[in-house]
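Chains as they are written, first to last, in this note's numbering: chain A, 6 to 440; chain B, 6 to 440; chain C, 6 to 440; chain D, 17 to 128; chain E, 17 to 128; chain F, 17 to 128.
I should point out that these hints are in silico values taken from the structure, not numbers from a laboratory.
Glycine is no exception: its CB is placed at the ideal position from the N, C-alpha and C atoms.
Wrong hints could be hidden among the right ones.
[Claimed, not checked] With the C-beta cut set under 8 Å, the calculated list includes, among others, these residues of chain C facing chain B: (1) M50; (2) G205; (3) H433; (4) G434.
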Amino acid sequence: MLLSTLLVLLMILPGLALFYGGLVRQKNMLSMLMQVSTVTVIGMMAWLLWGYSLAFTDGGGLDTFVGGFGRLFFKDVTTSSNVATFSTGVVIPELAFAAFQMTFAAITAALVLGGVAERMKFGAVVVFALLWPLLSYYPMAHMVWWWPGPDAIAAAPTDPIKSGLIWGFGALDFAGGTVVHINAGIAALVGALILGARKGYRTEPMPPHSLTLTFVGAGLLWVGWFGFNAGSNLEANSYAALAMMNTFIATAAAGFSWTVTEWVTRKKASMLGMASGLVAGLVAITPAAGFAGPVGSLFLGLIVSPICVIFCSTIKNALKYDDSLDAFGIHGVGGIVGALATGLLVNPAWGGAGVVDYTTCAADGDISTCDTATYVMSTQVLAQFKAVLVACVWSAVASAIVFFIIKYTLGLRASADAEEEGLDIVEHGERAYHS
Amino acid sequence: MLLSTLLVLLMILPGLALFYGGLVRQKNMLSMLMQVSTVTVIGMMAWLLWGYSLAFTDGGGLDTFVGGFGRLFFKDVTTSSNVATFSTGVVIPELAFAAFQMTFAAITAALVLGGVAERMKFGAVVVFALLWPLLSYYPMAHMVWWWPGPDAIAAAPTDPIKSGLIWGFGALDFAGGTVVHINAGIAALVGALILGARKGYRTEPMPPHSLTLTFVGAGLLWVGWFGFNAGSNLEANSYAALAMMNTFIATAAAGFSWTVTEWVTRKKASMLGMASGLVAGLVAITPAAGFAGPVGSLFLGLIVSPICVIFCSTIKNALKYDDSLDAFGIHGVGGIVGALATGLLVNPAWGGAGVVDYTTCAADGDISTCDTATYVMSTQVLAQFKAVLVACVWSAVASAIVFFIIKYTLGLRASADAEEEGLDIVEHGERAYHS
Amino acid sequence: MLLSTLLVLLMILPGLALFYGGLVRQKNMLSMLMQVSTVTVIGMMAWLLWGYSLAFTDGGGLDTFVGGFGRLFFKDVTTSSNVATFSTGVVIPELAFAAFQMTFAAITAALVLGGVAERMKFGAVVVFALLWPLLSYYPMAHMVWWWPGPDAIAAAPTDPIKSGLIWGFGALDFAGGTVVHINAGIAALVGALILGARKGYRTEPMPPHSLTLTFVGAGLLWVGWFGFNAGSNLEANSYAALAMMNTFIATAAAGFSWTVTEWVTRKKASMLGMASGLVAGLVAITPAAGFAGPVGSLFLGLIVSPICVIFCSTIKNALKYDDSLDAFGIHGVGGIVGALATGLLVNPAWGGAGVVDYTTCAADGDISTCDTATYVMSTQVLAQFKAVLVACVWSAVASAIVFFIIKYTLGLRASADAEEEGLDIVEHGERAYHS
Amino acid sequence: MKLIKAIVKPFKLDDVREALVAAGVEGLTVSEVKGYGRQKGQTEIYRGAEYQVNFLPKVMLEAVVDDAAAAKAVEAIKAAAATGKIGDGKIFVLNVEDAVRIRTGETGAAAL
Amino acid sequence: MKLIKAIVKPFKLDDVREALVAAGVEGLTVSEVKGYGRQKGQTEIYRGAEYQVNFLPKVMLEAVVDDAAAAKAVEAIKAAAATGKIGDGKIFVLNVEDAVRIRTGETGAAAL
Amino acid sequence: MKLIKAIVKPFKLDDVREALVAAGVEGLTVSEVKGYGRQKGQTEIYRGAEYQVNFLPKVMLEAVVDDAAAAKAVEAIKAAAATGKIGDGKIFVLNVEDAVRIRTGETGAAAL
Ligand SMILES: Nc1ncnc2c1ncn2[C@@H]1O[C@H](COP(=O)(O)OP(=O)(O)O)[C@@H](O)[C@H]1O
Ligand SMILES: Nc1ncnc2c1ncn2[C@@H]1O[C@H](COP(=O)(O)OP(=O)(O)O)[C@@H](O)[C@H]1O
Ligand SMILES: Nc1ncnc2c1ncn2[C@@H]1O[C@H](COP(=O)(O)OP(=O)(O)O)[C@@H](O)[C@H]1O
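This is chain A alone, in the form it adopts within the complex (with noise of 0.2 Å):
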């Protein structure tokens, strides 16, 4: 759990920061690795104040979509405080456990910031950190994974279970396909569509400043996110192990079928769209990794890489939004992709896991005491369908909202000059490299 929480501070920094960083060009890239950290430490400072408690308690009477107020500022949040895994009776310290959620928060609105790069100022960046998660992390986190653990249904198996709204559909995800990537990629979109394309787009060549580091990032994201998927089992198991197994394979899958989709439509395979792949292919088997056998992992990692080829390559282009670094095109349909997959894959006759039987286990709320259920396809398939609309529905909303009050207020958009000189030694008075 402690390794897992490193691996995804990884993610971020510098894993996430140089592939985004690698991207943009020259004259962006401190912007860039400044606007991930900033992100990140507000969204670290902002859980201890008050995300964890709206993410992550009894939420009253608006359960069903947010948390309340029990644990602002970490209020009882101590050495000695526990949160339930799956298994009745073992436990986590808290503080373990709210240190790797609080690395979730942080990078999920790291991740928005792909769309929007090379042209949103720097103080409308440290806005959107504040506000963004306030209403569409939080909550979204709430809906998705907040219950009060077996334990806690034990004590008193005769109450109803109380549990956020995404999570009561019974859809599968693992390790936050929804809460995580979805969300992250409509917002990038969302944020994309507001703030209009950066000046040049489409006319002037805007290449990678160094594809170098976005591979670097890339490989960090790849190592880091076991930290993800293997962190999410909560224990130490078998399951990890095959949260693993599935995290290489699609991966590998997916980094392979990019560059073969290169290979027969341009003749060319590239770095970029290896790198590319491999990061679809994380996105992918986010929501799988516990759920689906090695070989479904491989078809998952196959199929997802053309899917996202034409979101980044013809869809873009016909569209004309400015999704500057894809976040939407890998993120948001890799994981649509993802998480719609993970119904099928879950398949037992397809090597998945199968699912679980809830009403079995309702009595004392111990997953791994569950019967197994009867795997169903288009049962699990539609609750799948309900929890991506859902994201898709309340991202796009809360993006929008919080988009358009920077924009409305202190204003989205670095002035037309910056865009030109280069965020870099505009905002922040420095340049990336010199000689």
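Place chains B, C, D, E and F with the ligands on chain A using the hints.
Quick look at chains B, C, D, E and F with the ligands alone, frame taken from chain A:
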């Protein structure tokens, strides 16, 4: 185990990719990164499909050399299957073992690329990624590591003990000196010879385009190597701590002695020398990590670098082969030095761990309960020597077959133009850096 | 523990090397990487040969200040020797402890290089790597950390409890604020003063050659620091989780407050400010990680950066010393702030962990069974103050001796020509980047 | 023949190239340079060290054109590169005595 | 004195330098530049964004030589840099009015 | 007008700029170049591969000045850049036929 697997991934991407990438010229940077990634993702998929089965199952009549088809497509590898460790009754999830070994298979093939860098055609690399493990890696892994485990032996104590050829020699190889380093090093040399030298080799300067990246790669290799060496213990105990300590000491000593060698012979100690020495030390300690004592490791580290220096400069220059990034000079040579030295350093009189009398534990196969055998230096060194010899010959023959097959079908080398313009733009349609 | 050791290695190579390397001019990049590596590999070898013994054994008559010769060459450090933790009867393999501590010794000496960068002769660095730990690090580590452990005390409960000088003050230092950061920071300042300023200091621009690398270094430092702070708990429990949470919160807060300070004073928040603040936060939380509460850590983080800013700009500029990479300004100052603040933040009334009444546990020495003592702010702050004072004075004197010895024998500074041409080409015969 | 050396703002490079091509210029060579002039640089601050950045990133285009085409080329650059703000850059015209196309050995205007 | 400016393919740099030295040129200065000309660039594609790369990496050599030596130097470059393929580059010759060796203060041809 | 091209050691850049400004030069353009000359490079060795580095890092300053100011500018550079050691660099003077300030369209000496 899961952590060790991650660490080996870190060694490949971004570790090895950067170590190698920094050493090539700028125009071939992405091709280097791309080749390493491609070999990795193909290696991982192939491991699922057939590699694991060919390496780690009973090969029937060919069992001395290669595994069988029992686990093609990870058949029967599930969350409830386990594999044996070295102690009776202690098992680890088979998925974890398979994932750990998967990363070994991937990195070994990637290491070979150092010998053929800057001129091998991308298509040829793809075919190499499929063929080479079939002929070289899977058999070698089977020969060195395959045995049915203590529980199987205990279950049928009177049967003859099955095992791969080299395992049967009684040769010691803690974490893959033969399978990984000698194997990859020899293949790199064979590849370099069959491909021929880069255009302009020995007439134009071909300086590394970023020693900074090479340094980062070396640092990540060091960090990740503990996954190799400590993870190869399979169980976490004080032998893992010994393996870790040895991995520190031998590496530090080899980094130091490479730079001292340079200082003495050329009056200047170079950073590349330091980085090369660190890697040479890591390679050399690999087979010895759990067998040598810390002072023995110090000596091994001090000795290996000067020997590698001789190969990377004097001998390479004399024989005029173009082992572009010294994959043979460091991995091959360092691996051989390490494998032979293991036979000496295990000597308990020199602080080593001593050898085990397999006859006393044959009954239950549990190595941890075997008696300590009398260490006879000549016997042990001979066993090591046989293992090295078999590994060199097998790898040379298998690699030659693979490279010649590719040469006479698809062709091995990129066009002369591509080599001049750089593989990045010609083969992948991208450039690594823009401003 | 093994993982923590790895993480500290990650902090040095590539972490610290990149953090520092990015800050120097391009012509001195390799020299920076080389100096960090050299100090590290020499530090590791020396640890095996004499360092461990001088730090962590009974020093006989000099035991208050330094250890003895009982473990020279790792004598008696084997796979079956163990060391005590803070709980009676709980031990860890001595090899693991020695490896963990080895990385601390290595990083401390490497940190000093930040004060003398871009002008110290390579040969002088080599001598420094040997001498400085002898006079400064090993004694300091002994004074702060050496005690025989609870089992030893339990075995002879009537004997006076032995311990190093600073341990005896009752000063709290969770993970090496005094030994590592104050010690290195002061040494860096002394070194900077004795070497004198770089040629052209304060007249020509000396901008960092790659803030990207500095950022990567800062990110890796953050990730690796958990090895420092969580690993220093020696046992993995909910205090490790607290240490982790504090390391997140203080660091985020310090990154944030450095940029806010810049924003307020200069109207621009810089990426280098963010990176510097993150490191300052890590330094400050080091002594407090297991003692403060999360809200206390937040305050510590918010406070430490503005203080460091004052030293890195106003005071340094006023006094005109050339602490090239602000090793003193961040590690020295941040370390002192953290050490003093620890005395306040441990206050249970402020959410801290409280102090322990050693008299109640003297009988068995097991800290985990001691009673909680009444926290008296003045007493605790005084103890902290004494510890800081002793650390500063010892380090200043020892460092001055070392630097003067080198100055008057071998010479400290590279030639003026070398400084102008760059140390890379003149001292190491290489350049970092080619195209 | 004339060598036209134009120092312009980096983000104008593509516009200027297009304008030159439209004006009939068939080849040009570009370097990344740093310029010092009336346009004062930003202040860069790295930790404590604050300094006036005297040099700003610019690109220098060099195109050799026929005597007859020179005026048109200068006009084209001027039109495409001007933003009206300080730091827009300069154009210098030098005389070129000979030109050779390496591939064919052609010389003079034919080589352009 | 003449300034010979040659724009050639990067991998020819060493050959050209050797040829010039053989032709008696004792000093030269090299910049990395990007060239636009008849040789069309490759298409680079970064995810969806495909664009024609108008500029190709080239190196520009500048050597000032004695009037007498100019023709020979031009020949040397031409011979060494030609591959016969499009994009081989150009050589331009400009007049130089004066040269100074900073170290000694020598001027004119003595300074070269 | 004259184009003054000076190739100097990189660490002299700031000194030279200041000297030129003191001599009344208001604008200049700087490129990072590699120089080949009497000053022999260091030997670089990368693992086994040892080679003579023929090119050393230099900076090239280009400033266009009024005819009248040329001599003074050359003097200023010479004074500021000289260390007396080999490799100090060269100054070349070329004639410039015209200059244009892009922002205003001014031409000739007014454009400098
Ligand atoms: N005399 C000159 N010689 C060479 N380059 C010059 C000269 N004057 C200006 N430049 C170049 O032109 C750029 C723009 O000049 P500047 O004086 O800042 O603005 P403007 O052209 O609008 O007056 C400078 O950055 C420099 O590169
Ligand atoms: N008129 C010109 N002025 C300046 N540079 C030129 C000119 N024409 C060509 N070049 C340079 O020469 C290079 C080669 O020219 P190109 O037209 O591609 O091929 P070729 O010389 O074989 O006709 C170009 O990339 C450019 O750098
Ligand atoms: N004839 C030349 N043409 C162009 N550049 C030259 C010429 N001669 C020298 N240079 C430049 O001047 C630099 C210094 O020249 P060098 O011969 O090394 O020393 P010095 O100027 O002291 O004689 C060279 O590195 C090169 O960049």
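Do the hints match the structure? See the list:
Here the hint on M50(C) is kept, as its CB sits about 5 Å from the closest CB of chain B, short of 8 Å. A distance limit of 8 Å between C-beta atoms decides the matter here; for G205(C) the minimum to chain B is near 23 Å, and the interface restraint is violated. The restraint placing H433(C) at the interface with chain B holds, with a minimum CB-CB distance near 5 Å, inside the 8 Å limit. A cut of 8 Å between beta carbons decides the hint on G434(C): the least distance to chain B is about 4 Å, and the hint holds.
Hint 2 from the earlier list is the only one contradicted by this structure; the remaining hints agree with it.
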